[in-house]
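Respectively, the protein sequence lines represent chains S and P. Number 95 in the working numbering belongs to position 22 of the first sequence; there are no gaps in the numbering. Number 1400 in the working numbering belongs to position 541 of the second sequence; there are no gaps in the numbering.
Since the hints were made in silico from the structure, they are not lab data. Certain hints may be false.
Below, computed lysine to aspartate or glutamate pairings styled on DMTMM-like, alpha-carbon distance capped at 25 Å [as the list claims (entries may be wrong)]:
no., chain 1, residue 1, chain 2, residue 2
1, P, LYS1169, P, GLU1214
2, P, LYS1005, S, ASP233
3, P, LYS1025, P, ASP1010
4, P, LYS1274, P, ASP1168
5, P, LYS936, S, ASP233
6, P, LYS1098, S, ASP239
7, P, LYS1098, S, ASP233
8, P, LYS1025, S, ASP233
9, S, LYS142, P, ASP1257
10, P, LYS1005, S, ASP236
11, P, LYS952, S, GLU137
12, P, LYS952, S, ASP233
13, P, LYS1049, S, ASP139
14, P, LYS952, S, ASP139
Now the in silico label distances, taken between C-beta atoms and shown as ranges [claimed, not checked]:
no., chain 1, residue 1, chain 2, residue 2, range
15, S, GLY112, P, ALA1057, 20 to 28 Å
16, S, ALA231, P, ASP1282, 55 to 63 Å
17, S, ALA390, P, THR1080, 47 to 55 Å
None of these values were measured; they are calculated from a predicted model. For every residue, glycine included, the Cβ atom is placed at its ideal position computed from N, Cα and C.
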Amino acid sequence: MTLDTPRKLSLLRDPVDLLFRGVARTAGITVLAIMSLVGLFLAYRATQALQVAGWSFFTEQSWEPDAGKFGIAAVLVGTILIALVAIVIAVPLATGTALYITDYAPRRIKQTLIGLVDLMAAIPSVVYGLWGFFFLQGNITDISRWISHTFGWIPIFAVDGADPNDPLASSTVYTSSTFIAGIVVALMIAPIITSIMREVFSQAPVGEREGALALGSTKWGMIRSVVIPFGLGGMIGGTMLGLGRALGETIAVYMIISPVFVIQPHILQAGASSVSSLIALKYGEATEFGTSALMAAGLALFIMTLIINFAASAIVARSRSGASS
Amino acid sequence: MTRARRRLLPAILALAITALVIVPTTSAAAVDYVPISGAGSSWSSNAIDQWRRNVQQYGMRINYANTGSSDGRNQYKAGTVDFAVSEIPYGIKDGGVVDTPPSRAYSYIPIVAGGTAFMYNLQAGGKQITNLRLSGSVITKIFTAKITSWDDPAIAADNPGLALPKRKIVPIVRSDGSGSTAQFTTWMSKQYQADWDAYCVRAGRSAPCGVTSNYPTIPGTGFIAQPNSQGVSGYVAQKANIGTITYVEYSYALKTGYPVAKVLNSAGYYVEPTASNVAVGLLGAKINTTATSSSYLTQILDGVYANPDKRTYPLSSYSYMIIPTSTQNNFTEDKGKTLGAFASYFLCEGQQQAEVLGYSPLPINLVKAGLEQIAKIPGVGTSTVNIAKCNNPTFSKDGTNTLAAKAPQPSECDKKGATQCTDGTGGSKTDTPVTTPAVTPGTSTGGTTTGGTTTGGTTTTGGATASDGSSAVNPGTPDAATGGTSTGTVGTATGGTTTGLTAGPVSCEADTGVCANVVALPVEVAATSSWGVPQSLMTGAVVLLIGLVVVPPLIAQLTSRRRRRG
Chain S
74 MTLDTPRKLS LLRDPVDLLF RGVARTAGIT VLAIMSLVGL FLAYRATQAL QVAGWSFFTE
134 QSWEPDAGKF GIAAVLVGTI LIALVAIVIA VPLATGTALY ITDYAPRRIK QTLIGLVDLM
194 AAIPSVVYGL WGFFFLQGNI TDISRWISHT FGWIPIFAVD GADPNDPLAS STVYTSSTFI
254 AGIVVALMIA PIITSIMREV FSQAPVGERE GALALGSTKW GMIRSVVIPF GLGGMIGGTM
314 LGLGRALGET IAVYMIISPV FVIQPHILQA GASSVSSLIA LKYGEATEFG TSALMAAGLA
374 LFIMTLIINF AASAIVARSR SGASS
Chain P
860 MTRARRRLLP AILALAITAL VIVPTTSAAA VDYVPISGAG SSWSSNAIDQ WRRNVQQYGM
920 RINYANTGSS DGRNQYKAGT VDFAVSEIPY GIKDGGVVDT PPSRAYSYIP IVAGGTAFMY
980 NLQAGGKQIT NLRLSGSVIT KIFTAKITSW DDPAIAADNP GLALPKRKIV PIVRSDGSGS
1040 TAQFTTWMSK QYQADWDAYC VRAGRSAPCG VTSNYPTIPG TGFIAQPNSQ GVSGYVAQKA
1100 NIGTITYVEY SYALKTGYPV AKVLNSAGYY VEPTASNVAV GLLGAKINTT ATSSSYLTQI
1160 LDGVYANPDK RTYPLSSYSY MIIPTSTQNN FTEDKGKTLG AFASYFLCEG QQQAEVLGYS
1220 PLPINLVKAG LEQIAKIPGV GTSTVNIAKC NNPTFSKDGT NTLAAKAPQP SECDKKGATQ
1280 CTDGTGGSKT DTPVTTPAVT PGTSTGGTTT GGTTTGGTTT TGGATASDGS SAVNPGTPDA
1340 ATGGTSTGTV GTATGGTTTG LTAGPVSCEA DTGVCANVVA LPVEVAATSS WGVPQSLMTG
1400 AVVLLIGLVV VPPLIAQLTS RRRRRG
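Just need the whole structure built from these sequences, with the hints factored in.
In structure tokens form, the structure reads like this:
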């Protein structure tokens, strides 16, 4: 019995088509290559420090590379705390903004609002940093104080060295904290989360929306039963993207925090840390070995951000809104 | 006709504008300067930034990033900048690691002198204190977390005329590698080694600690670390950050309008880091004069700390520029020409502005030596600087330092002892009235300061009740906040701003200058009781409220789900 061999398909491509394919493919591969080269470079430069530090690199809190005592336990925890504060503030803000723009805002101000949100994303982070340092910090301490007095029994809101019964107590214990850095970072990631959420919310099928309304649902009921379930994947994906950005935010955090190299779980208390601000602070004056240690810290942040972004894209791809887009 | 004119007008305008645009560029291009870039010290950056702006008119473009001395030295070493500015030279051991000199050729030139000042933000009774005095050991103890409250007896001993509040001291230190930190820790390690080493060991470093560019901090001590001179001075200058103190160049205090502490010198006087006091202090500096040495012109400051002149500011020092002496690392002769011209400018004319900016001009020997060093920069032509025309306030015919010779003697109220001057310091020139401590110095109960609070002529134009000088303080009115500890300082009304005020404590708004009487009543804060009935009831109420909000929708949802299933 002779096997049927499939007919060979020959495809004749237009030269313009070929050219475009080539350009697109090169661009795609270049991005991949650059990313992996950055990773390789960090790994290569970090080996010197990682060989010295060994596993203690993940458990040591202090950062004195020249004395052989350094690790990312404190800075990594600090980074995650700042990012979490930012997410907790930015996500409700962004969800509200996105829903208002897609479903509530009158048509004439819709475009203005979209433009304003995009403008927020265009403000350089050093401006946010200056604003946070010179304006926000002086005005937010009362809120920090209130939170710490009222909810101080929850460990993360406790503030060491604050005495509510001392009328002359200085407000400085509430400055330069994870909380303030987190607020500033929240303002920087809110626009990116807002635009992603706005995009998925606006794609919610009109038929289902109208169906919900026709069945007697209120607007809020329609949003709750149609828009949010539809856009959930996009919401999670946008949040994760924002988280990725929050983890890497450098200069605004650098300007606000007072770096400490111990695990500092009290978010309202002066003293915070983050990997990227550590690098910004130390790279200029580091010795060769110190630079290697900084590269190792950078590698840890790089890998963490990579994982978060992959997780985000996986979630977005599985969701209904993500699959259609 | 009109149409033709209409067409002609824009043409003429365009021509004029092009002419305006072209002419200055061509004139500036007469002397060709290529842009150069540098990095380093933020201690001296206020002076450098002013000089950079000044030489723009000659077509020089100097880029300078004030990223800290350590960063400047490292960037110079790596060859990424054409020059660096640093307070300390290469080769100093810091934390067990020697800062190795760069492989590219270099020299030092002194650029400006100045005092590392202690800028603070402190209030008593709603009024800014501007005349604080501190001795060296107290400063060291503050920055090594030994003295933690402003009402510490050691600070009170330095300030017999001030009743300081029971506030926490919040020292602000630099978080980046800094020449200011290096200058300050050099001074502490030389003068108060025991205190400094003990602190270093607590912070996890090994003793003897010596000089360091990275200030060690101990978590939980309330120290705040900020990057850059702007960072620390900006933090102290925030109105709400009362009780803070930092070490920073004097110019930052002038710029932000905050006072600096007068520091006790070895002659027993408290002095401010003014240009003349710094100049006097630096007469004691030992300069390396071996021209062949790699650290030629660098300073040894032990003689400044111990300078017996009573006008000496003990934390005076010079700042240095590190200049390339060969064409390595992209440094060209063209760049050398720009750098040489810029250096000649600031060594000569630029020094005139030092005093206004909060620095102190260089003396003639260092200017001469610096100008000779400039000749080593590749590409610099023969020097055309006429030293006689520099108008440097320190120059004289016989080679002595005029600024130091003419420096005013400190007033007798600045002498260590029972008296204290009232005049403001740094950027805050308003007076702070003092109490006459003759009655019972050291005690701070309300009754002991009776009648002695006004200071002579300061209340000449004051209100009717305040001008008689005797009723400014009502000794029976204790301050609300501290229960009488700071009564003495708040009671006095200064100058004409207090018109129409009655006797009693006065509070003045820092921004508007509007003063108002403070009516204060002693407040007793009940001791916090432990868990009691009210607390239980409050918790119950909160639980009820949360339950009311959360439970009904939950039940509704549950039932609806069940119904759907059914």
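Evaluated hints:
{"no.": "1", "hint": "P:LYS1169 - P:GLU1214", "result": "20 Å, holds"}
{"no.": "2", "hint": "P:LYS1005 - S:ASP233", "result": "18 Å, holds"}
{"no.": "3", "hint": "P:LYS1025 - P:ASP1010", "result": "5 Å, holds"}
{"no.": "4", "hint": "P:LYS1274 - P:ASP1168", "result": "13 Å, holds"}
{"no.": "5", "hint": "P:LYS936 - S:ASP233", "result": "42 Å, violated"}
{"no.": "6", "hint": "P:LYS1098 - S:ASP239", "result": "19 Å, holds"}
{"no.": "7", "hint": "P:LYS1098 - S:ASP233", "result": "23 Å, holds"}
{"no.": "8", "hint": "P:LYS1025 - S:ASP233", "result": "18 Å, holds"}
{"no.": "9", "hint": "S:LYS142 - P:ASP1257", "result": "56 Å, violated"}
{"no.": "10", "hint": "P:LYS1005 - S:ASP236", "result": "20 Å, holds"}
{"no.": "11", "hint": "P:LYS952 - S:GLU137", "result": "15 Å, holds"}
{"no.": "12", "hint": "P:LYS952 - S:ASP233", "result": "35 Å, violated"}
{"no.": "13", "hint": "P:LYS1049 - S:ASP139", "result": "24 Å, holds"}
{"no.": "14", "hint": "P:LYS952 - S:ASP139", "result": "12 Å, holds"}
{"no.": "15", "hint": "S:GLY112 - P:ALA1057: 20 to 28 Å", "result": "45 Å, violated"}
{"no.": "16", "hint": "S:ALA231 - P:ASP1282: 55 to 63 Å", "result": "44 Å, violated"}
{"no.": "17", "hint": "S:ALA390 - P:THR1080: 47 to 55 Å", "result": "50 Å, holds"}
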